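*Asks:* Residues per chain, in single letters:
There are 2 protein chains.
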Amino acid sequence: MTETWIAGFLLLLAVGSAPAGRAQNKMSIAEKLGFGRDAKLLIVHADDVGMTHAVNAATIKALESGGVNSASIMVPCPWFPEIAEYAKAHPETDFGLHLTLTSERVYYRWGPVAPRDKVASLVDENGYFWHDWKPTTRIEPREVELELRAQIERAFAMGIRPTHLDSHQYRLYDNGKELFEVLQRIAHEKKLPVFVVRDWFGQHPYLESSLSPVDIVIDHTVTNDPSVRPEKWTDFYRAAIKNLQPGITEFVIHVAFADEEMTAATRERETWGAAWRQRDFDFFTSAEFKQLLKDENIQLVHWRELARAR
Amino acid sequence: MTETWIAGFLLLLAVGSAPAGRAQNKMSIAEKLGFGRDAKLLIVHADDVGMTHAVNAATIKALESGGVNSASIMVPCPWFPEIAEYAKAHPETDFGLHLTLTSERVYYRWGPVAPRDKVASLVDENGYFWHDWKPTTRIEPREVELELRAQIERAFAMGIRPTHLDSHQYRLYDNGKELFEVLQRIAHEKKLPVFVVRDWFGQHPYLESSLSPVDIVIDHTVTNDPSVRPEKWTDFYRAAIKNLQPGITEFVIHVAFADEEMTAATRERETWGAAWRQRDFDFFTSAEFKQLLKDENIQLVHWRELARAR
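Protein sequences, first through last, are from chains B and P.
Heads up: the first sequence begins at 713 in my numbering, then just goes up one per residue.
Heads up: the second sequence begins at 713 in my numbering, then just goes up one per residue.
Hints in this document: simulated from the structure, not taken from any laboratory.
Take the hints with a grain of salt, since some may be wrong.
In this list, chains with the same sequence are indistinguishable; a pair is considered to hold if it fits within one copy or across any two.
[Claimed, not checked] Calculated lysine to any residue pairs in the SDA-like style (CA-CA distance at most 25 Å, straight line):
id	residue 1	residue 2
1	830	868
2	800	816
3	773	818
4	800	837
5	773	971
As the structure is a computational prediction, the values presented were derived from the model and not from experiment.
Pulled out of the complex, with its shape left as it was, chain B reads as follows:
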């Protein structure tokens, strides 16, 4: 089965007009949005907004420069009020919520939005979100639901109108059907699309089986990882752009300025650290990136547009 076909198949389920089958003549999401069936559509998505001021400032600059066209916000983080203020003043900007259940750094930390004693399985002995989830960490889905609802409620209360939902560190995708179904239930209730990628179905079949006909599925995602050496950063993205497949791809990137705050906040390890995020910022705000998009005939789309295909 080609990925394009699956997109058509899901869309077909969405419109509910025919039995499941090889309905290759059905419109893809791209087509519903007015693009050709073979269009290469790209979301350039910055994660972790709200985490620090350096992330907020770099994300805003990257959004305003056009190099990044979508981003998602961490409600429990200390700098959330700064980005909430910006989002409220810029309602056209494509901001989702980066639902957060971990506090993965050492010197700078955050905890739940819900009352701590109501989400006891999510917090460590000092009241912060767990630094990491170990195989022995029993995460209660009921408490995940309470916490996600608290984050969404605070976001709306502070003026954000999110265009989509996704999950910090992929926790809600990688930890079993129950947690993914919590996310799906809330997303349907709030009528918000969720970042889900077809390429993940092989590893986690419950992702596919938990989807409903209204759900949007992205075809591919690209993200940098610790195996890419700093001097190969641009090569990595250049290759990803040149090899971009038809359909919808989301680049999951992490931008920040590598200033005193960001360097201190991430100093215990280089992965997703200050220099890493500065490199992402530098590439995606570069003239080369814009030129590559033109050369490869890649169109940018964002979540508010995708939601129209629901």
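Keeping the supplied structure of chain B fixed, place chain P upon it in accordance with the hints.
*Replies:* Frame of chain B, contents of chain P only:
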């Protein structure tokens, strides 16, 4: 009555050896610490540690340079883990807890350590500590007690052994007898001295009447305020040092580096903002400050030493 006399009087109550009276021959705290009765003793105290990385970095530098000799830490703030790590590694440093019940900035905020639903009177509609307390804000002393205990518990759990307690924005001194008595009760239980200044008794008589014989009372305090123009900063401190009275004085100062983080965190108003704190850092780490202390024959003391006079 002279202030020196009151110090002697309270000490006399503390040792319980004589009836109250004009026991001017009793030892003052200074004398108990081995200084002369007319010694000019100074605590150079940096507030708000843990608030941001810029505050932590500047405070550590000022402590290590010797210009600041005591500081107090805000447990609910996002950068608390960084300073807790430092305090644990430097047990000789004079760190108290800056008990915190407000989140006074706009773009960067924090909330309680206790579960939010257990301290409902302390938080705003978004779950942060109140930006400010209005005359109509009903603060529940029971909830204050719960929150203060949670802050102290987290501090101990994360390795801090505080030398004293004080109160962010003076909330526990300025808002009635009940709140001050909560602080006193906890301080006695934990056997920790509390920053209380004799000069405050006129405005808030309940401070004096709530003290017990074991309590240490500082004679004077000096702090900069918005009436001092930036170009008069050094003049203000120079005059304060030259006019320092015998007894114990605490300079309450606020140091930070005026970098991107601090400037963004405090940008809605200049008072206690990034530039303000940079000026404090600059003065108290200057050669001039050290020379003034020598010229005026001022001795530095800190809270761990004062506690020995209890």
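*Asks:* At most 25 Å between C-alpha atoms: does residue 800 with residue 837 qualify within a copy, between copies, both, or neither?
*Replies:* Between copies only: 17 Å across chains, 35 Å inside a chain, cut-off 25 Å.
*Asks:* Check residue 773 against residue 971 for me: Cα-Cα at most 25 Å, and say if that holds within a copy, between copies, both or neither.
*Replies:* both (15 Å within a copy, 18 Å between copies)
*Asks:* Check residue 773 against residue 818 for me: Cα-Cα at most 25 Å, and say if that holds within a copy, between copies, both or neither.
*Replies:* between (27 Å within a copy, 21 Å between copies)
*Asks:* Using 25 Å as the alpha-carbon threshold, which applies to residue 830 and residue 868: within, between, both, or neither?
*Replies:* both (21 Å within a copy, 23 Å between copies)
*Asks:* How do residue 800 and residue 816 come out at 25 Å by Cα distance, when the copy is not named: within, between, both, or neither?
*Replies:* between (28 Å within a copy, 21 Å between copies)
Figure legend: structure checked against the earlier numbered hints; every hint is met.
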